[in-house]
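There are 2 protein chains.
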Amino acid sequence: MEHQKEIDQESLKKINEFGKRILEEIKSGKSPTFNLPLRAKSNITFNEATKTLELGDKYSTRSFLNIAHTRKFMQSLLVAAACKEYISEGKTVGKRELYYNLKHSLPNSKENTFEDDIESGSVLNDLEASLNILRERLHVEAKARGSIYGDIVLSQAGDTFDCSKLGRGGWAIPGYVEDVDVVNHKADFILAIENDAMMSRLIQEKIYKKLNCLLVTGEGMFPRGVRRFIKILSEKLKLPVITFVDGDPYGFYIYSVLKYGSIELAHLSERYAVPNSKYVGMTMDDIDEYGLQNVTEKLKDVDKKRIREEMQYPWFKDNPAWLRQLKLMEQKGVRIEQQALANKSLDFVAKKYLPEKIEGQKFLD
Amino acid sequence: MEHQKEIDQESLKKINEFGKRILEEIKSGKSPTFNLPLRAKSNITFNEATKTLELGDKYSTRSFLNIAHTRKFMQSLLVAAACKEYISEGKTVGKRELYYNLKHSLPNSKENTFEDDIESGSVLNDLEASLNILRERLHVEAKARGSIYGDIVLSQAGDTFDCSKLGRGGWAIPGYVEDVDVVNHKADFILAIENDAMMSRLIQEKIYKKLNCLLVTGEGMFPRGVRRFIKILSEKLKLPVITFVDGDPYGFYIYSVLKYGSIELAHLSERYAVPNSKYVGMTMDDIDEYGLQNVTEKLKDVDKKRIREEMQYPWFKDNPAWLRQLKLMEQKGVRIEQQALANKSLDFVAKKYLPEKIEGQKFLD
Chain A
32 MEHQKEIDQE SLKKINEFGK RILEEIKSGK SPTFNLPLRA KSNITFNEAT KTLELGDKYS
92 TRSFLNIAHT RKFMQSLLVA AACKEYISEG KTVGKRELYY NLKHSLPNSK ENTFEDDIES
152 GSVLNDLEAS LNILRERLHV EAKARGSIYG DIVLSQAGDT FDCSKLGRGG WAIPGYVEDV
212 DVVNHKADFI LAIENDAMMS RLIQEKIYKK LNCLLVTGEG MFPRGVRRFI KILSEKLKLP
272 VITFVDGDPY GFYIYSVLKY GSIELAHLSE RYAVPNSKYV GMTMDDIDEY GLQNVTEKLK
332 DVDKKRIREE MQYPWFKDNP AWLRQLKLME QKGVRIEQQA LANKSLDFVA KKYLPEKIEG
392 QKFLD
Chain B
32 MEHQKEIDQE SLKKINEFGK RILEEIKSGK SPTFNLPLRA KSNITFNEAT KTLELGDKYS
92 TRSFLNIAHT RKFMQSLLVA AACKEYISEG KTVGKRELYY NLKHSLPNSK ENTFEDDIES
152 GSVLNDLEAS LNILRERLHV EAKARGSIYG DIVLSQAGDT FDCSKLGRGG WAIPGYVEDV
212 DVVNHKADFI LAIENDAMMS RLIQEKIYKK LNCLLVTGEG MFPRGVRRFI KILSEKLKLP
272 VITFVDGDPY GFYIYSVLKY GSIELAHLSE RYAVPNSKYV GMTMDDIDEY GLQNVTEKLK
332 DVDKKRIREE MQYPWFKDNP AWLRQLKLME QKGVRIEQQA LANKSLDFVA KKYLPEKIEG
392 QKFLD
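Chains A and B, in that order, are what the protein sequence lines are.
Residue numbers for the first sequence follow the numbering used here, beginning at 32 and rising by one.
Residue numbers for the second sequence follow the numbering used here, beginning at 32 and rising by one.
There could be a bad hint or two in this list.
Each pair may be met inside one copy or between any two copies, as identical chains are not told apart.
Claimed, not checked - Here are the simulated DSSO-like cross-link-like pairs (lysine-lysine), alpha carbons at most 30 Å apart as the crow flies: (1) K174 <-> K358; (2) K262 <-> K196; (3) K89 <-> K358; (4) K51 <-> K126; (5) K335 <-> K103; (6) K382 <-> K115; (7) K269 <-> K103; (8) K383 <-> K126; (9) K103 <-> K241; (10) K196 <-> K240; (11) K115 <-> K375.
Hints in this document: simulated from the structure, not taken from any laboratory.
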């Protein structure tokens, strides 16, 4: 709980400084103004050293007395003031809740503060970048979906619980995880799993004991809240992340976003991206290696288009092993799902596939 | 655990009888045959007494030596044999895993057992109806997505855990819940919540203590696994379910499926539908009652079309209160989300809206 207090104090300090600066500008008769990093493709680069997407140093300025900026300026202050309130009251809100909470018509006008949550979301992104505080630390929750299972005792909001003692389910990862503490754990790595039915298989096969790992699923594309949670765990425990997804362009994309960050959130890569991630499967080589030719699926046009795009990703385009995978997929014209391993036997994934690949360090990186 | 054993014994018995009967028919030189209830709209009726959708008594027959049936017949036996194996081994599988597990080419032919999981899924539905055993009791998991939070201690697979001691998250409801036992609980009803961000709000506001209830969310449309879980809890604990969803045709649909069953699963209404459900909100009256005119959203064409369809639902078409809601929505031309209540204040939903409506029994039924 001390931890939570420190985080909040830091956020409040930044919001207060932001407000004070603007107040001083108003008092001294200037048009109040603030800067924000340009979050456009032209200002996003791949940092070869940190291996993440990041923003360059281009800035734009938002000025109250510029008519093109006035609305956004007003909205930014509204959101900042609301976040200050949420933090002070110890509450967190969802993105859509924020929008509804702040929508009202302005006095003596028919103008609304916000017309939809795209407007409020975009202002929130700007504020996050401008103040250099993570949205969650402004007490706006990320999308919650996904769960964790394994030999780890966590504490949050005064509760302590063991994620290996939750029956067949796991802990439902909430949208706010900044205040999660690890009481103790026994694991060598985090296994990040695309599919929730695969998660269930691996829980049943007790892979967390066999391979000494924590299981996390995001039920498809890992939503922001789950990526943040993986990042926090990986940093606190200094554990590598091993990604286990479908062998298709969408699986490669899930891995990419987890490891390198996303264009939309490039200003946050430092707090989201997990450079210490490796890719265990599925790969195109698995198809022949494990005799899975009969359980592949034909690529759709959208898959083929995505392969072409991924060949241009900064982290793939000079990486022979990854380029080989993408080309192989194009040649074979097929994708392979995680669950296709059940074609060998239900426990094949836990008894042979994962142990062989993980113990043999057969990763793509 | 005794409980689990009994369930499994019953399923195994039914599968064995099914197999024996077919074997006897083969031995006596007949074409093996089995019946299954017709799962078509023409055979689905609304039972006014039980208040659920159910199948009539029309049957169809599947006969091995009828060329139009041979493939499906073979598939049915494959699935039945596999389920027998899963139950005996104490494993559960996902729907897609089942497909992959059983897909192989037939000896001396290029014919595959199954071409996609739609084929295997449809055979599974048939088998479920024919044997009159729930898919989960054949050890095929339902879709898992959603969580529970509140004053209830559950046990499953040898673990016992308290769903009010899980930080800001809850227990991630797994796809197999047949073996969940309730150790103890303190609740007067189950609150079934559409939106996961609303779930987070209500956890934060400690509504489970204030109103003495359990919170369950399905993160949108409640998936089959969550509906089954709500049904089991509601029956075991003899608790009513109060549904809290968006005030729009989709929210009404979520409520309908939870309470009355669905056309697709009419043969399972007895095990899924929760007739003991009431609707607390959002309603069209809430908009004026609570001054939410500024935070409604315009109906789309698809919404308008759905309103017309819902007016024909057997449980709505003779229900004046529900017809009034549907007509009001059409007249106003708007929908209202749960989270729009945040427009009053963040805690409005927990301090005023829900207590007032639930304690005052202001429900739609």
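>> For a quick check of understanding: which of the numbered hints are violated here, in increasing order?
In response: 1, 3, 5, 7, 9
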